[in-house]
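For the protein sequence lines, the chains are C and F, in the order given.
Residue numbers for the first sequence, in our numbering: 8 to 448.
Residue numbers for the second sequence, in our numbering: -6 to 480.
No lab work stands behind these hints, which were simulated from the structure alone.
Keep in mind that the hints are not guaranteed to be accurate.
Said to hold, decoys possible - Heads up, simulated DSS-like pairs for lysine-lysine below, C-alpha to C-alpha not over 30 Å straight-line: (1) F/Lys379 <-> F/Lys72; (2) F/Lys72 <-> C/Lys371; (3) C/Lys382 <-> F/Lys141; (4) F/Lys457 <-> C/Lys382; (5) F/Lys398 <-> C/Lys346; (6) F/Lys379 <-> C/Lys371; (7) F/Lys59 <-> C/Lys70; (8) F/Lys72 <-> C/Lys346; (9) C/Lys382 <-> F/Lys72; (10) C/Lys41 <-> C/Lys55; (11) C/Lys70 <-> C/Lys382; (12) C/Lys346 <-> C/Lys237; (13) F/Lys379 <-> C/Lys442; (14) C/Lys60 <-> F/Lys453; (15) F/Lys64 <-> F/Lys345; (16) C/Lys346 <-> F/Lys279; (17) F/Lys275 <-> C/Lys346; (18) F/Lys453 <-> C/Lys371; (19) F/Lys469 <-> C/Lys382; (20) F/Lys469 <-> F/Lys275; (21) C/Lys29 <-> C/Lys70; (22) C/Lys276 <-> C/Lys442; (23) F/Lys279 <-> F/Lys141; (24) F/Lys64 <-> F/Lys279; (25) C/Lys100 <-> C/Lys41; (26) F/Lys345 <-> C/Lys70; (27) F/Lys398 <-> C/Lys382; (28) C/Lys276 <-> C/Lys382; (29) F/Lys59 <-> C/Lys382; (30) C/Lys371 <-> C/Lys100; (31) C/Lys55 <-> F/Lys72; (32) C/Lys346 <-> F/Lys379; (33) F/Lys379 <-> C/Lys70; (34) C/Lys294 <-> C/Lys87; (35) C/Lys60 <-> C/Lys276; (36) F/Lys379 <-> F/Lys424; (37) F/Lys72 <-> C/Lys60; (38) C/Lys29 <-> C/Lys276.
Residues per chain, in single letters:
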Amino acid sequence: MPTTLTDTPSGAESLILDLHGKYLEEARPSEPFKGLNLASVRRFETLKFPHPKHDLFSFVNAKELAWTRFQLQRDSRIGKDIVRDHVYPGCEKSVLVVADGTFRPDLSDLSALPSQVKVSSLREAVADPAIARYLAETIESENDVFAAINGAFFNDGLYLEVEPAALVETPALILYISSGSASHPTMTVPRVLAKVGRHSEVKIVVKYAGAGGNYFVNSTQDFILEENSKVLYTHIQADPFESWSFAKDRVHLNRYSRFHGVNVYSGCKLARRHHEVHLEDSGAELKLDGVSVLTGREQAHNLVRIHHEAPQCASAQHFKNIVNESSRSSFDGSVIVNKGAQLTNSDQLINNLMLSDDAHADSKPNLMIYADDVKCTHGSTVGQLDEEQLFYLNSRGLSQGMAKSLLTRSFAESILGEIQVPAVASGLRGILSKKLEANHA
Amino acid sequence: MKTNTVPKPSVSEVLENKDDYKYGFTTDIESDVFLKGLDENVIRAISQKKNEPPFMLEFRLKAYRKWLTMKEPAWPNVKYPPIDYQNISYYAAPKARKKLESLDEVDPEILKTFEKLGIPLEEQKRLSNVAVDAVFDSVSVATTHKKKLMEHGIIFCPISEAVQEYPELVEEYLGTVVPVGDNFFAALNSAVFTDGSFVYIPPDTVSPMELSTYFRINTEETGQFERTLIICAENSYVSYLEGCTAPRFDTNQLHAAVVELVTLDNAEIKYSTVQNWYAGDKETGKGGIYNFVTKRGKCLGKDSKISWTQVETGSAITWKYPSCILMGDNSSGEFYSVALTNGHMQADTGTKMIHIGRNTRSSIISKGISADYSSNSYRGLVKVNKSAANARNYTQCDSMLVGEKCSAHTFPYIESANSTAQLEHEASTSKISEEQLFYLESRGISRENAITAVINGFCKEVFKQLPMEFAVEAQKLLALKLEDSVG
């Protein structure tokens, strides 16, 4: 136990600091990573693990996670067969594998991606001073303690750049696969930086999955959209239950650029996504949707911070949660309209479907507005399946279980229907209906 | 937030002081204004001055000790310089005269002030059907219509009197809705409150008139710590009106009131407030009232109802969340609010609806208007416990922005732990509609009147909940407040 010395790291933070000391000794990160790691660790020490009433963790209890003694994943057990299980049809030749936090060209297949899409490891990419500077700036201003932990341990990652005026039809699939370990909990820190050039359009699908359990995947993803570019983004969290899955997605939107993200969660012991979006120049548009289907003791938490920094931008969010048994979901979203961001248009809607008395659905949709000529709305509902709709279906001969499953699926469908890659959408429909049928049987 | 808290006395010190008090009283209780500062001596002095039974002193001391361990809340979306709690005098009374038999005995100066505020007691007695319990700076000076109420068995009196006359009622209910350690300001109030109103409606009684209290801050740098307790027994109904005005002062004035409501089976309390305290200098924001109020109602009985209506147009800082704890089955809570901020005002206000009983219902309608440099936040919690089957909530909170330097925020918290709950929340923020203004102006209505009309329309849902005379007053108040903000 630490003594009364005030500068001794106390509490759960010391576990991370110990691990960081070990990491510096063993991995010997090269510059600029070493400098970034050290800056991040300082950030981590300032931010500290969240107390129960922390702003960014209103509904997330991270105590158990903070007190878990993690080790860094050393031996990756990821092979081609596991990758094959998770690839969606149509993405076989455009798959980028990040195994246990490291980009693995040997497992990836980029043959279907056009030459305008450049893929490299972050280690090569930081040779570009602009990228190194961007990383340093984001680390200095990091506000999420878990993203700071990612910054403290990363010494590689994936860099994706789309050249200007490229229309990329084939969706790029980024697969995060964690090995896990039966003997001790492990942590991986994947980092992806994607830059989309002017007038380009690209579809990115991201999937988190695990070969085993007992791991903590703690990723950060940065998307920089240049003028008039467009990203269609699908994010699938499909980790096994015995895992912690955290991610921070940061999006920078330039003039007239558009980002449309659909997030699908199947939950795990603790899944949390932090979406930070900056609408930096006029005409930028954001659409952020999400659906989570949770059973058992699964949890999925969303934290959204949308910064309207320029006039004439639009943002829309629609999140739906289906909670059953003892599962928990939460949505904590703020739309911040800065001074001068006139003519902002912003909508936010959260629908929760509660199927059990032991489940929890919490929402906190916030608006913070510092400009007067704006239109901002938010709405949130909590409810259950409509008795009349159930009766209608029953009277048509559907069993109670089938009727419930059908209505629940249709509740999720409005979000799944937004997914722009058909193979992914139908794959998800299959998984979700299996999960729901098991419940309603 | 940095606060100046009093160092906690050690146990031995407390015991020593206790002995002192038995034999020699040090604070001059004859004085009308206590010296500035707060410690256990001051609390004992207040209690002695008011000739309170021992349970009240215990209550105050418990709250004070709790307060010493607490921190001023930092989470509200408001900014103000640290308050020096030792620089406040905790007791001030107008020249005390024994017992007042009739209005003639009231200091004519005080009566004059009431007249300025538009409460001609004499006239009201005769013409209106409203009983007025006027609280002038912590001590009640006159109570009217008492007899008529007594005929119905209704108790409406200053709480200091209730402590003397009905100690068993006060002891049973005081602090049951807002516990002494509920929050920093409630703890402070519980320790030092000097007066306020007490209402008891016996079973099967509908109050024959609307009860009304006017508060007014007068002595400079005197914190006002009112305490209101309203108990509505089985099958009864009461409507209670509260209105505030305050004169101009240059030093910030702290106001930390506590209001507790309790409804038993099938009872209903309707509580309405129009608050228009001095908001500080319009240009600099200096000198306004700090309004840190804890208002909470408990629907203890089955089928009971509590309804809060508030029109907040004053105070430099408002920190206020009239709440309902819906414990009884089929009970319901309502919250209607108009909060207008202008100048440099800051408001962080909203409500809490805690659903505990079965089939409980709540609805929240909140309208925020911010103008000039002000900041207006709605903060509301809707919580459905696991036991609250079939809970239902509807929330609507709209904000309107007038001018480009103000801000409007919404912080709703929605927590559901029951699958049969149906909760809806919707909010919108927008500018005052140019099209509506243009339409009215094209009909020959001046811009100022057009704005008033649009804003009154925006607030209509809340105004129609107010008792008649308040509704008129509230509309006038909004128009008056916005006079210089638009144009």
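Violating hint indices (sorted, rising): Hints 1, 3, 11, 14, 23, 25, 28, 29, 30, 32, 34, 36 are the ones this structure does not satisfy, whereas the remaining hints hold.
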